[in-house]
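For chain A, the structure is supplied; the task is to place chain B on it using the hints.
Those protein sequences? They're chains A and B, same order as listed.
Read in UniProt numbering, the first sequence has 46 at position 46, and its numbers run on one by one without any break.
Read in UniProt numbering, the second sequence has 99 at position 99, and its numbers run on one by one without any break.
The reader is advised that the hints may include incorrect statements.
[As the list claims (entries may be wrong)] So, partial list: chain A residues that the calculated Cβ filter (under 8 Å) puts toward chain B: (1) Asp-20; (2) Arg-43; (3) Ala-44; (4) Leu-84; (5) Ser-85; (6) Ser-87; (7) Leu-281.
FYI, nobody ran anything at the bench for these hints, they're computed from the structure.
We put the beta carbon where it would ideally sit given N, CA and C, even for glycine.
Protein chains: 2
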Amino acid sequence: MTAIEETNVTYEQLADLEQDFEDAELEITRQQAVLMKPLYEKRAKTVADIPNFWPLVFEQSPPEVDSYIQPSDSAVISTSLKALSVSRFEVEDGGKGDPRSVVIKFEFNENEYFENTVLEKKFWQRQSKDGRFSGLVSEPVAIKWKPGKDLTEGLLDQAVAIYEQDKKSGRTGLVKVKDFTPEQKALQKKIQATGMGGVSFFAFFGYRGYPVSEEESRLAVEKDKEERRLRAEGKSKNDDDEAPELVEEGDEDDEEEILEIFPDGEELAVAISEDLWPSALKYFTQAQEVDGISEMDFEELEDDEDEEDEEPPAKKQKA
Amino acid sequence: MTAIEETNVTYEQLADLEQDFEDAELEITRQQAVLMKPLYEKRAKTVADIPNFWPLVFEQSPPEVDSYIQPSDSAVISTSLKALSVSRFEVEDGGKGDPRSVVIKFEFNENEYFENTVLEKKFWQRQSKDGRFSGLVSEPVAIKWKPGKDLTEGLLDQAVAIYEQDKKSGRTGLVKVKDFTPEQKALQKKIQATGMGGVSFFAFFGYRGYPVSEEESRLAVEKDKEERRLRAEGKSKNDDDEAPELVEEGDEDDEEEILEIFPDGEELAVAISEDLWPSALKYFTQAQEVDGISEMDFEELEDDEDEEDEEPPAKKQKA
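So here's chain A without its partners, still in its complex pose (with noise of 0.2 Å):
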């Protein structure tokens, strides 16, 4: 018997409770977008001067980030990164999107590896109809690799391919290993045959995600909002029929796969558009102390949050 049994409080009514807290937190995400623009505007104006501001930030990066950076991919990034920036743009501007679809965009300069200067990676909220997914959706972005020096080895041009024909042929869905085309089997054998942690991070352009539509993702959000209200006004109607279905064990080759050169890429765009992007001063500002500031030089312009083992009284925080 568990607290909950022995109360008229039923498990829906707590999890309708808790989606009115996460919307009331996208609304909070959504207001802060807009406030921060010109924030983020100013520092980007003032960084601009500071050379390697990016590498460094990259180098102190949490290892949220940090994990999936290769040495070969660290060699471009502190070499080559000039710029760095996250865009909520379905909100930012004042609109009613979700806060939580970004841009992330690269900016490089001229390097030895690939002929762009410019990498934009677009990820759009989305959540599907059969209730499995709810996250971060995208397109394969190429990158014109320099003869000999694809980091991905060929993993990020296979996607981009793959999901060119897909879009050809009309192919939105969940696919079944049994009808992979030849070029995705051979992309979903090279994916078995790459250890994970051993994928450069440039891979994270070739993310796409759960294949949910613009329109599937906004019926199945209009669909759970319209339930939700009927059950706040006590029309509550049983959902056991509607409850996801399982998948049944079977034979491989009848299960749905998802050819993702870069499984985590969801978690790496959060990663770096909610701590790595906001927090890019406090890593760029320990780059520097790493860098060998003298620790008196550093005590007199700011007091620093890790200066826990000072002596009472002269606790220290960050003004």
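Leaving out everything else, chain B in the frame of chain A:
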């Protein structure tokens, strides 16, 4: 030679920019407090019908809270905690104060440990003029222990008594060890004899923080703002002579010491108000799961973020 030394950008510019970011974050927190208030009220009403809601939340509390709860504290909380509430009293009714100031209110059923049914701890965000402190300060709150039941073993009573003495005698600032009253010396000795980690959670009610009056804080904040404004207008002046004084190494008796029976009071207040409180439904749900609701029941009711091990493509996320 570090990156910033090669440019015209100064550390002060970066520090001011960080301060701009922090100001914006505070404004967000202010708006959030107003927006969330009705939701927290709705939640309070709903969970009031669930026996043990708050004890179960504490049972699953994050390490930043849980590590302060001793087994004997846990006995009080699990049998007697009726409600918890957090209020950002300076802003949540639309006020323009500091959103970091909070009241944490614990409501208890009759219990064998103390007479109080309400324990309320108020924290004010303050900044000292000497530049050494910016954070939460508070006043010790007395607990009427039942005979032989004082979980703090006299620490809290002593802290309260000294605070009352200080108020009466007008000692509002830092006190040098050599100027300690007999009561302060006794408390100092007791604190030194108490191993950290062994102190009761209820010693939290004795936290004071750095001695900064409302007036001192107001002036310090204004001075900071004015200096930033001048710098922003290019009327910067050399701040070297205003750097915080370093504490001279000297005779121990000649040093100032804050007698704090719960030195991590601020950290715990922040963990409760920024994590336990907003995420209470999540922690309660976790406790329910631990208490043995079967996985199947739960899968039908809500998709859980922890289900990361599922086979693709059934990647589930909280919708």
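Hint check:
1. Asp-20: It holds, given that the least Cβ distance between Asp-20 (chain A) and chain B is near 6 Å, below 8 Å.
2. Arg-43: holds (6 Å)
3. Ala-44: violated (11 Å)
4. Leu-84: violated (15 Å)
5. Ser-85: Not OK, violated: Ser-85 (chain A) not within 8 Å of chain B, min 15 Å.
6. Ser-87: Violated, because the Cβ-Cβ distance from Ser-87 (chain A) to chain B comes to roughly 17 Å (cut-off 8 Å).
7. Leu-281: holds (5 Å)
Of the hints listed earlier, those the structure fails to meet are numbers 3, 4, 5 and 6, in rising order.
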